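Asker: The primary structure of each chain is shown beneath.
Protein chains: 2
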Amino acid sequence: MHNSRFPVIEMFGPTIQGEGMVIGQKTMFVRTAGCDYQCSWCDSAFTWNGLGKKEVRMLTAADIAAELKRLAAHTCSHVTISGGNPALLPHLEELINLLHESGIQVALETQGSLWKDWFLLIDDLTLSPKPPSSGMKTDWDKLDVIIANLKAQRRNFSLKVVVFDQSDLAYAASVHKRYDGIPFYVQSGNEDVLEEDTGIVLGRLMDKYKWLVDTVIASTELNNVRVLPQLHAWLWGNKRGY
Amino acid sequence: MHNSRFPVIEMFGPTIQGEGMVIGQKTMFVRTAGCDYQCSWCDSAFTWNGLGKKEVRMLTAADIAAELKRLAAHTCSHVTISGGNPALLPHLEELINLLHESGIQVALETQGSLWKDWFLLIDDLTLSPKPPSSGMKTDWDKLDVIIANLKAQRRNFSLKVVVFDQSDLAYAASVHKRYDGIPFYVQSGNEDVLEEDTGIVLGRLMDKYKWLVDTVIASTELNNVRVLPQLHAWLWGNKRGY
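If you're matching them up, the sequences are chains A and B in order.
Using the UniProt record's numbering, read the first sequence as starting at 1 and increasing by one per residue.
Using the UniProt record's numbering, read the second sequence as starting at 1 and increasing by one per residue.
One chain only, chain A, in its complex shape:
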């Protein structure tokens, strides 16, 4: 039964998770190829725009677990699965269960456009519906079902909305209101995903984060929320592999 193959475009770590509900967590990353979205500001567009096509390997759960073990035999017991949208993949439970059997916790990031039963196995699940600046449209019926399922099973999950501008902020407020009581993260966006100068990136990211902090502080709609930057981009700019 354990022979599904998953399209993996990169694996790296240990490093730290730079954003969201487990910010700072020592983790490794498994990035899967393919996405049902094409966000205008995607920082991992190589996972879906064809530019990373040659990097994709079709790997079994055992292949992935073995490679993670080579990356960190004794230094790390946490893996973050990201994409692209890993929720496109059937039978990812094969990988999640194998990692759990090896004593490894599993976080996963997805936009909340698709449900998979294996969501219920994830230790730290981030749903990040995309705001207007992405150019994408949220399927609220789908997201309603996903959140209802996770709530019913009392899973550890959160909502995260990336914010670039005022209309994104209004979108974030509407998500926070619609899913009242779910841990809610707003994250300042990165407008320069192609900039190679780490110092320039840092300055712009800090300015954007300060703007978001000031705006959220004054907001009556974004009340019980967490406001975070992407720490990895502050440290390492737009370099891949961190």
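Read the hints as simulated data drawn from the structure, not as lab findings.
It should be emphasised that the depicted structure is a prediction, and the values quoted were computed from it without experimental measurement.
Treat the hints with caution; some may be incorrect.
Put simply, identical chains are the same to the list, so a pair is met inside one copy or across any two.
[Claimed, not checked] Below, in silico cross-link-like pairs of lysine-lysine (DSSO-like), each with a Cα-Cα straight-line distance of 27 Å or less:
hint	residue 1	residue 2
1	K239	K116
2	K69	K210
3	K239	K210
4	K53	K151
5	K208	K239
6	K210	K142
7	K54	K239
8	K69	K177
9	K54	K137
10	K177	K54
We have chain A; now place chain B onto it with these hints.
Answerer: Showing chain B alone in chain A's frame:
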């Protein structure tokens, strides 16, 4: 019954929590005066070294709640109590209960040198035992009891150790090992708590954080941990009131 008075040295916010288990949380701060420790690098030494003496006000829970309401009537429903060491205060349950009745969640920071029954009421409790560079000595028997009590009641709490150097790192590893399974945060220290130039502070803090990240990534002892900076110091340097 509700007439205890608490030594409050400052109240401010809303702002964001810059560190630890609820990093990024929109919150207000209540800082109490007095400490059983005198850490060499304390960033709030005015709470215990006499310099803030004139700022101390003896306030009831109702006084504090009213002032917080003035700071944020409709924008914030989270308060962080810090010090000094607020665990010195008897009957802080008067304040915690009143805040809860107003729909406000309560986080608290303490070094874990003293137990109080009202710890069991705190929503997000951070225990931050102090490493060798502080000049303080940990009372392990006390900390053992505190952690056993919190575990027995399944409270939401974490351990946080500030790290300046290799011997602090060894201390952090020993705390993590002793209290296996408790969410564990390592935080890079601020060596320039008196520096007024925010740009200088930022550069040094980022270097220190990068060092800590690199060191923890390579460590076999600090395996399932979270590594975080003090975001507020990156944004606002050593200014008070943020």
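Asker: Now tell me, hint by hint, if it's right for this structure.
Answerer: Do the hints match the structure? See the list:
1. For the identical chains of this complex, K239 and K116 are neighbours neither inside a copy (31 Å) nor across copies (47 Å), given an alpha-carbon limit of 27 Å.
2. Proximity of K69 and K210 under a CA criterion of 27 Å is satisfied inter-copy only: 24 Å between copies versus 39 Å inside one chain copy.
3. Taking the closest pair of Cα atoms, K239 and K210 come within 27 Å of each other both inside a single copy (23 Å) and across two copies (15 Å).
4. Proximity of K53 to K151 under the C-alpha cut-off of 27 Å is found in neither arrangement, the shortest distances being 37 Å within a copy and 48 Å between copies.
5. In this homomeric assembly, K208 and K239 come within 27 Å of each other (Cα to Cα) both inside a single copy, at 19 Å, and across copies, at 20 Å.
6. Taking the shortest alpha-carbon separations for K210 and K142, neither the intra-copy value of 33 Å nor the inter-copy value of 40 Å comes in at or below 27 Å.
7. Only within a single protomer do K54 and K239 lie at most 27 Å apart by alpha-carbon distance; the minimum there is 19 Å, versus 50 Å between protomers.
8. When the C-alpha separation of K69 and K177 is checked against a cutoff of 27 Å, the pair qualifies only between copies, where the shortest distance is 22 Å, while the shortest distance within a copy is 42 Å.
9. In this homomeric assembly, K54 and K137 never come within 27 Å of each other (Cα to Cα): the closest approach is 29 Å inside a single copy and 56 Å across copies.
10. In this homomeric assembly, K177 and K54 never come within 27 Å of each other (Cα to Cα): the closest approach is 42 Å inside a single copy and 43 Å across copies.
When held up to the earlier numbered hints, the structure conflicts with 1, 4, 6, 9, 10 and fits the remainder.
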